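Order-wise, the sequence lines are chains C and R. The opening residue of the first sequence carries number 1 in the numbering used here; numbering runs sequentially from there. The opening residue of the second sequence carries number 1001 in the numbering used here; numbering runs sequentially from there.
What the hints contain is simulated information worked out from the structure, not anything from laboratory work. Any given hint could be a false lead.
[Said to hold, decoys possible] The list that follows gives simulated cross-link-like pairs (lysine to any residue, SDA-like), each with its CA atoms no further than 20 angstroms apart: (1) R:Lys1095 <-> C:Lys76; (2) C:Lys135 <-> R:Arg1181; (3) C:Lys85 <-> R:His1230; (4) C:Lys85 <-> R:Thr1231; (5) C:Lys76 <-> C:Lys135; (6) R:Lys1095 <-> C:Lys135; (7) C:Lys135 <-> R:Val1280; (8) C:Lys135 <-> R:Ile1182; (9) C:Lys76 <-> R:His1230; (10) C:Lys76 <-> R:Ala1234; (11) C:Lys76 <-> R:Arg1180; (12) C:Lys85 <-> R:Ile1182; (13) C:Lys78 <-> R:Ser1174; (14) C:Lys78 <-> R:Asn1183; (15) R:Lys1095 <-> C:Lys115; (16) R:Lys1095 <-> C:Gly20; (17) C:Lys76 <-> R:Thr1231; (18) C:Lys115 <-> R:His1230; (19) R:Lys1095 <-> C:Leu86; (20) C:Lys115 <-> R:Ala1100; (21) R:Lys1095 <-> C:Lys78; (22) C:Lys115 <-> R:Arg1227; (23) C:Lys78 <-> R:Thr1184; (24) C:Lys85 <-> R:Tyr1161; (25) C:Lys78 <-> R:Ile1182; (26) C:Lys115 <-> R:Tyr1161; (27) C:Lys135 <-> C:Asp89; (28) C:Lys135 <-> R:Thr1184.
Please read all numbers here as calculations on a predicted model, not as lab measurements.
Residues per chain, in single letters:
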Amino acid sequence: MRNTCEHCCTKVEGLTVRLGDNAILDNVNLHVDCGEVVGVVGPNGAGKTTLLRTILGEIRYQGKIVFRIAGSASRKPKIGYVPQKLQFDLSSPISVTDLVVSAISRYPVWAGVSKDLSERVKDVLSLFSAEHLLKRRLGELSGGELQRVLLAIAMTPAPKLLLLDEPASGVDIKGLSLFYQIVDDLRKKNDIAVILVTHDLAGVSSYVDRLILLNRSVIAQGEPKEVLSNEKLVKAFGPALWNVSCLPNLTSKENNKNGDY
Amino acid sequence: MAIIEVWYRLIGALPFGWTHYVFMKNALLAVLLVTPLFAILGTMVVNNRMAFFTDVLGHSALTGIAIGVLLGFHDPTLPMICLAVVLAIAINLLKNATRASVDTVLGVIMAFIVALGIVILSRQGGFVKYTSYLIGDILAVTPQQIAWFFVIAVVVLGYWYVAGNAMILTSVNSSLARSRRINTFLIETSFTILLALVVIVSIRLAGILIINSLLILPAAASRNLTRNSHTYTAWAVIISILSGITGLIVSYYWGTASGATIVLFASGCYGVSALLGRYVMK
């Protein structure tokens, strides 16, 4: 397990977040190198989303969050964020174009979208197999489509750090593997650091470089194989872990009789 | 006031009975300025599910008048605006601080504020004096007030031009907006202050009881017909202006309260849009 943070990384040291007397995060230490995908897993209420929102700068905390990223000299770099779910009204007349334009352009979208801008939106979306969604309303998108649109927005312009909150929720298996593949390509091409929060242990382990088990503080971290064979993890997840043992690339085939996951 | 003379002559040239009256010419100009303004603000009120919030703002006018009376103001506009702005900011802060649902918080505040206003104004049976605020009187609008509406329209359009995108992003997901370096608190607060200002300044035209409908109906109707922000805004403005003009003129011939007549036409538009949206546009 590396704990160094040399030329390019995001580092969290002694991070504590309190809500009243309750510590939602308690002395969390972790780091993510550029070009690395780190999965954060943990039970419900483990503080996973809080961790992301704290890194985004939305929540008051004790401890240190250091961004050591070339060119931005420890100042907060551009962070891409893909939220878990949107709270908007499904019937809202907001199209995919509207959402993308309102995020990447200063030109007010209610006044109409010019041809140039519309082409730009198309270019942005085409990198994420989403260009056909341009004119759809947000409420008409499937979970996977919405996620790709949100990822397209988060990647425009390319950030140094990408935060993904529960990309597995509400997305079918096909959509999810497409999503993970896109993320994998992105970090290779752009050398960005990715923190991926999920409860989908099984699906994520083959795509991440490291896995961090979080339950208010870091219980275990390391390569997926290493972490998944950890006893503490068994305790933290309880029966849910049996799904993990079905992973073909992690454990032997004999354990795979519990069926699909 | 040379511009207003041009307007008077222009409208006076139309071959209708109502165009002889200066109060109708003033009212029409006010309607043309205020209805698009309400439509634009309404699009975001409906997107953000703030219909109840703006209703509370409208009702706070009653208490604003009461405070004005207590403090001896001749014109209660200033205390009304102050109270509504303070209330808007307070609700915004409270919304983020409490775990009670926004609905409940607003219900409690509205009950308190309306009761307080009525208690103060009804001392010695004096409430009747203030009933004109409940219904409003668009025909009593003065050229000075119209000039103010013009200023406010310019401010709202400017704000919408600068902050429109940030508002859409914030309404979809505030964390997403913050990750794009948008100060969501500033956006939400400035929008609520703007709402408070517009609602209070227009309260004499439309009245406390129905002002909220003028905000909500055009946007709600437009939602039934549209799929993106551009057409949503455009249709809300069109529906708002059309029901404004029709309502005003019809109220002249029917001898009814103009504000309520306008709202009636806007409701009709909503009904038609709901049918069109359901059976024709899909």
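Open item on the list: When the structure is checked against the list of hints, which entries are broken? Sort them ascending.
Closed with: Of the numbered hints, 1, 2, 3, 4, 5, 6, 8, 9, 10, 15, 17, 20, 21, 24, 28 do not hold.
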